[in-house]
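Top to bottom, those sequences are chains A and B. Just so we're aligned: the first sequence equals residues 1 to 87 in the working numbering. Just so we're aligned: the second sequence equals residues 88 to 363 in the working numbering.
Some hints could be false.
[As the list claims (entries may be wrong)] Far from chain B, some chain A residues (derived; all Cβ distances over 12 Å):
| no. | residue |
| --- | --- |
| 1 | Pro40 |
| 2 | Arg74 |
| 3 | Thr75 |
[Stated by the list, open to error] Derived DEER-like restraints, expressed as beta-carbon distance ranges:
| no. | chain 1 | residue 1 | chain 2 | residue 2 | range |
| --- | --- | --- | --- | --- | --- |
| 4 | B | Ser352 | A | Glu44 | 49 to 55 Å |
| 5 | B | Glu96 | A | Lys38 | 20 to 26 Å |
| 6 | A | Arg74 | B | Leu181 | 56 to 62 Å |
| 7 | A | Lys38 | B | Leu306 | 18 to 24 Å |
| 8 | A | Glu44 | B | Gly124 | 56 to 62 Å |
[As the list claims (entries may be wrong)] In silico DMTMM-like links for lysine to aspartate or glutamate, alpha-carbon gap of 20 Å or less:
| no. | chain 1 | residue 1 | chain 2 | residue 2 |
| --- | --- | --- | --- | --- |
| 9 | B | Lys112 | B | Asp313 |
| 10 | A | Lys38 | B | Glu238 |
| 11 | B | Lys130 | B | Asp313 |
| 12 | B | Lys273 | B | Asp200 |
| 13 | B | Lys214 | A | Glu71 |
| 14 | A | Lys38 | B | Asp262 |
| 15 | A | Lys38 | B | Asp313 |
| 16 | A | Lys38 | B | Glu244 |
| 17 | B | Lys214 | A | Asp53 |
| 18 | A | Lys38 | B | Asp247 |
| 19 | B | Lys273 | B | Asp243 |
| 20 | A | Lys38 | B | Asp346 |
| 21 | B | Lys112 | A | Asp63 |
| 22 | B | Lys219 | A | Asp63 |
In case anyone wonders, no lab produced these hints; they're calculated from the structure. Glycine residues also receive a C-beta, built at the ideal position from the N, C-alpha and C atoms.
Read off the chains here:
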Amino acid sequence: RRAASGGGGQTPGQGPESARPQALEPSLLGFLVCPLSKRPLRYEEATNELVNDELGIAYPIIDGIPNMVPEAARTTKKKPPAEDSKQ
Amino acid sequence: HFGFQTVTEAERREKIYQVFESVAKKYDVMNDSMTLGIHRIWKDIFVRKMNPCPGTLLLDVAGGTGDIAFRFLNYVRSVREGQLRRKLRQQQNLSWQEISESYQEDNLKSLGDSQVVVCDINREMLKVGKEKARHLGYSEGLSWVLGNAEELPFDDEKFDVYTIAFGIRNVTRIDLALQEAYRVLKPGGRFLCLEFSHVSNPVLSRLYDLYSFQVIPVLGEVIAGDWRSYQYLVESIRCFPPQEELKAMIEDAGFFKVDYQNLNSGIVAIHSGFKL
Numbered sequence: 001r002r003a004a005s006g007g008g009g010q011t012p013g014q015g016p017e018s019a020r021p022q023a024l025e026p027s028l029l030g031f032l033v034c035p036l037s038k039r040p041l042r043y044e045e046a047t048n049e050l051v052n053d054e055l056g057i058a059y060p061i062i063d064g065i066p067n068m069v070p071e072a073a074r075t076t077k078k079k080p081p082a083e084d085s086k087q
Numbered sequence: 088h089f090g091f092q093t094v095t096e097a098e099r100r101e102k103i104y105q106v107f108e109s110v111a112k113k114y115d116v117m118n119d120s121m122t123l124g125i126h127r128i129w130k131d132i133f134v135r136k137m138n139p140c141p142g143t144l145l146l147d148v149a150g151g152t153g154d155i156a157f158r159f160l161n162y163v164r165s166v167r168e169g170q171l172r173r174k175l176r177q178q179q180n181l182s183w184q185e186i187s188e189s190y191q192e193d194n195l196k197s198l199g200d201s202q203v204v205v206c207d208i209n210r211e212m213l214k215v216g217k218e219k220a221r222h223l224g225y226s227e228g229l230s231w232v233l234g235n236a237e238e239l240p241f242d243d244e245k246f247d248v249y250t251i252a253f254g255i256r257n258v259t260r261i262d263l264a265l266q267e268a269y270r271v272l273k274p275g276g277r278f279l280c281l282e283f284s285h286v287s288n289p290v291l292s293r294l295y296d297l298y299s300f301q302v303i304p305v306l307g308e309v310i311a312g313d314w315r316s317y318q319y320l321v322e323s324i325r326c327f328p329p330q331e332e333l334k335a336m337i338e339d340a341g342f343f344k345v346d347y348q349n350l351n352s353g354i355v356a357i358h359s360g361f362k363l
């Protein structure tokens with residue numbers, strides 16, 4: 001059950017690190033929410049992030065550990081014209 | 088307060104982060120030296136008090152290097168083994184049909200669906216913990232999250248047990264952490280806190296003070312090359328609320344049947360409460 005199937009994407013800027021990016025423990029997705037809004041998150045394989053679409057922010061997953069503090073979140077640039085304000 | 092210094096909340100968080108960033112790699116060694124290995128017994132007692140059954144979902148907050156998480160996994164594994172042995176004994180006279188069905192059932196899970204999520208605010212501590220887990224062979228039922236105890240990234244009513252061992256002292260807003268603990272626990276869930284507390288016996292208290300202020304920072308310098316962090320540690324213990332006060336805070340967060348158990352005359356205390 002503990003699948004070693006990695007999350008697809010490459011983590012950018014990880015030069016000398018081992019090539020396979022560490023994926024999130026699958027069961028965690030059932031527990032994790034945004035610490036600010038307590039709303040569910042979406043796992044984005046391409047960027048290896050957990051995205052809160054409502055607030056337009058994304059939490060990074062570094063070395064397989066999701067970084068769930070607001071300071072670590074980045075605003076996601078969305079296609080709709082509305083500019084997301086920095087948290 | 089950062090130990091005996093007065094600082095703003097933001098400064099305190101920053102300073103504490105730096106303390107643990109600095110000590111992370113030597114954390115376990117220092118614990119053994121400072122407490123002469125007794126911290127292991129405290130943690131053993133703590134998990135035994137938890138007495139988790141297989142299938143328990145544990146959230147271990149400020150669990151950095153994994154001491155509680157590993158003990159939890161060992162405990163449920165051995166309980167599970169006992170269960171399976173008893174089951175086998177009862178099943179000695181099964182038909183072939185029943186035996187082959189039991190193989191397919193996949194009910195031989197060694198952990199019995201128990202899971203522990205380790206949450207810590209400090210990346211260095213988590214790295215050490217993850218590496219330890221790899222080294223000791225823990226892989227199943229264990230996951231790591233970087234998060235703030237005052238603002239947990241977990242959904243409501245998810246966990247059976249919430250533990251915080253030697254971590255709540257370092258939280259700046261203890262009331263918020265307790266509220267978050269309450270929020271993420273299932274109804275019927277248990278809050279357990281293991282922390283340095285106050286020694287009421289005056290003789291023992293003086294000896295403890297002497298040891299704390301004279302020996303520990305020196306050990307910190309010699310072993311971890313960091314006197315200041317351990318000075319902070321010792322001061323933070325003195326500033327932390329005593330048993331009754333912490334009990335009241337836990338009750339304020341909504342927990343019931345709150346109680347505490349002193350270990351070593353109050354050098355350490357285990358507080359327990361239930362979300363009913």
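Structure-based check of each hint:
A Cβ of chain B approaches the Cβ of Pro40 of chain A within 12 Å, the least distance being about 8 Å, so the stated non-interface status is violated. At the 12 Å boundary, the C-beta of Arg74 of chain A stays outside the reach of chain B, the nearest C-beta of that chain being 15 Å off. Chain B leaves Thr75 of chain A outside its interface by the beta-carbon criterion, the shortest separation being 18 Å against a cut-off of 12 Å. Checked against the hint of 49 to 55 Å, the pair Ser352 of chain B and Glu44 of chain A passes, with Cβ atoms roughly 52 Å apart.
In this structure, Glu96 of chain B and Lys38 of chain A meet the distance hint of 20 to 26 Å, their C-beta atoms being roughly 22 Å apart. Between Arg74 of chain A and Leu181 of chain B the beta carbons are some 57 Å apart, a value that agrees with the proposed interval 56 to 62 Å. Here the CB-CB span from Lys38 of chain A to Leu306 of chain B is close to 42 Å, at odds with the stated 18 to 24 Å. Remark: the range hint 56 to 62 Å for Glu44 of chain A to Gly124 of chain B is contradicted by a beta-carbon distance near 45 Å.
Proposed proximity of Lys112 of chain B and Asp313 of chain B is supported: the alpha carbons are some 12 Å apart, at most 20 Å. At most 20 Å may separate the alpha-carbon atoms for a hinted pair to count; Lys38 of chain A and Glu238 of chain B meet this at roughly 9 Å. For the proposed pair Lys130 of chain B and Asp313 of chain B, the alpha carbon gap of about 25 Å is over 20 Å, so the pair is violated. A distance of roughly 17 Å separates the Cα atoms of Lys273 of chain B and Asp200 of chain B; the hinted pair therefore holds under the 20 Å criterion.
Our distance criterion of 20 Å between C-alpha atoms is met by Lys214 of chain B and Glu71 of chain A, whose separation comes to about 19 Å. Proximity of Lys38 of chain A to Asp262 of chain B is assessed by CA-CA distance (about 18 Å); at most 20 Å being required, the pair is judged to hold. At roughly 38 Å between alpha-carbon atoms, Lys38 of chain A and Asp313 of chain B are farther apart than 20 Å, so this suggested pair is violated. The suggested pairing of Lys38 of chain A with Glu244 of chain B holds, with an alpha-carbon distance near 12 Å, which does not exceed 20 Å.
Distance restraint check for Lys214 of chain B and Asp53 of chain A: the Cα-Cα separation of roughly 29 Å exceeds the 20 Å cut-off, and the hinted pair is therefore not satisfied. The hinted pair formed by Lys38 of chain A and Asp247 of chain B meets the criterion: a straight-line CA distance of about 19 Å does not exceed 20 Å. A threshold of 20 Å between alpha carbons decides the hint, and for Lys273 of chain B with Asp243 of chain B the separation of about 8 Å falls inside it, so the pair holds. A distance of roughly 30 Å separates the Cα atoms of Lys38 of chain A and Asp346 of chain B; the hinted pair therefore is violated under the 20 Å criterion.
Restraint check: the Cα-Cα separation between Lys112 of chain B and Asp63 of chain A comes to about 17 Å, which is no more than 20 Å; the hinted pair holds. Taken as a hint, the Lys219 of chain B and Asp63 of chain A pair is honoured in the structure, with Cα atoms around 15 Å apart against an allowance of 20 Å.
Checked against the numbered hints given earlier, this structure breaks hints 1, 7, 8, 11, 15, 17 and 20; the rest are met.
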